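Colleague: What follows is each chain in one-letter form.
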Amino acid sequence: MKVILPVPTAQRTQMIDISHEISRVVQKEGWQNGLLTVFVPHTTAAVTINENADPDVQRDMLYEINKVIPFDDGFHHFEGNSAAHIKSSLFGVSEQIIVEEGVLQLGTWQGVYFCEFDGPRQRKVWLSFLKNTVS
Amino acid sequence: MKVILPVPTAQRTQMIDISHEISRVVQKEGWQNGLLTVFVPHTTAAVTINENADPDVQRDMLYEINKVIPFDDGFHHFEGNSAAHIKSSLFGVSEQIIVEEGVLQLGTWQGVYFCEFDGPRQRKVWLSFLKNTVS
Amino acid sequence: MKVILPVPTAQRTQMIDISHEISRVVQKEGWQNGLLTVFVPHTTAAVTINENADPDVQRDMLYEINKVIPFDDGFHHFEGNSAAHIKSSLFGVSEQIIVEEGVLQLGTWQGVYFCEFDGPRQRKVWLSFLKNTVS
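Residue numbers (this note's numbering), protein chains in the order written: chain A, 1 to 135; chain B, 1001 to 1135; chain C, 2001 to 2135.
Same shape as in the complex, but just chain A:
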């Protein structure tokens, strides 16, 4: 069964590093070797993997995507958040991460980020694990 991780957001657009929260679930569930799926059950948010060192990277990423896909552009959708829907599809709502010996396999500078594009809101992330039966 999937594990549900709550992710409260605080701004209209925001990238939140959830790597540690995910690692804690992997450890607590005893997930050892296999593939972890991180799935966002929302349509105006996303999940991505990117640099975890300089916070200016997240600032620049949000600045640029909000410029390329402006909040208002003659959209028809009555809720007025079409830009957030587009950003969600461009970044994507799931990531698959290799797990070995209970450790998330990420590059040195990689972190897992929840991407809020229409906040602030109370969000969730779903985690599901497939065990490797090969070796």
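Just so you know, the hints here were simulated from the structure itself, not pulled from any lab data.
Computed from a predicted model, the values in this text were never measured in an experiment.
Please note that a few of the clues may not be correct.
Derived DEER-like restraints, expressed as beta-carbon distance ranges [to be verified]:
#1 C:A2010 to B:Q1032: 39 to 49 Å
#2 A:H76 to C:G2074: 25 to 35 Å
#3 A:P120 to B:G1030: 33 to 43 Å
For every residue, glycine included, the Cβ atom is placed at its ideal position computed from N, Cα and C.
Fit chains B and C to the known structure of chain A by using the hints.
Modeller: Frame of chain A, contents of chains B and C only:
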């Protein structure tokens, strides 16, 4: 073995909700608990997960992506559909969806959309399932 | 355990077809039926699946993404490669590919491309396989 789902498209760019067709395959194949891969074997189409309620969301998404990546922009590719190739890579050609008790785990407002960027054409989607052996 | 594939790049932005290298690993490892994950452990590179015939498609894709996300745009990140970080998240750092009878299941015109957005560099790709236990 993968299951092949035919997806005829009717317009140059179009988002088609294939959630019900996918659910029917999951049910027919008896796929219970695990991870479903939805894979698009084309290079000018994609698959995405987004809002399934207001059709204006799809209209706005196609409007905006067709504006950001225009059909013509001095491209060299002789077939004249480079914009569609780029959109395919930006949206992505596969989605992974958690399945529990034979039910696709999607958020309340999420649907699975085939994205046509160079239609109309006769398209296909491949479905493949990995069984969860953890619990 | 994941297999590590070295990918040297030669240009600032570049798409490199790694389909054959991946197929060789699948064959050597004896991976028969299941799901292959191709994971890029970098934050200024990506992996995508797109046309493997006319090289002008890759030229057009890089031309257009470099135009939509310019190298310089008042970014704050001190390393000056924020554009590459954004492109990495838009294209994505992993792909999942179905494997049947030891053969990568790709469409007729599809190849797997390593995307360099901040090269040239010595890069790596991680490959991991989940065996299908359904049939």
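Colleague: All hints, please: hold or fail.
Modeller: Here's how the hints hold up against the structure:
| no. | hint | in the structure |
| --- | --- | --- |
| 1 | C:A2010 to B:Q1032: 39 to 49 Å | holds (47 Å) |
| 2 | A:H76 to C:G2074: 25 to 35 Å | holds (31 Å) |
| 3 | A:P120 to B:G1030: 33 to 43 Å | holds (42 Å) |
Checked against the numbered hints listed earlier, the structure breaks none of them; every hint is satisfied.
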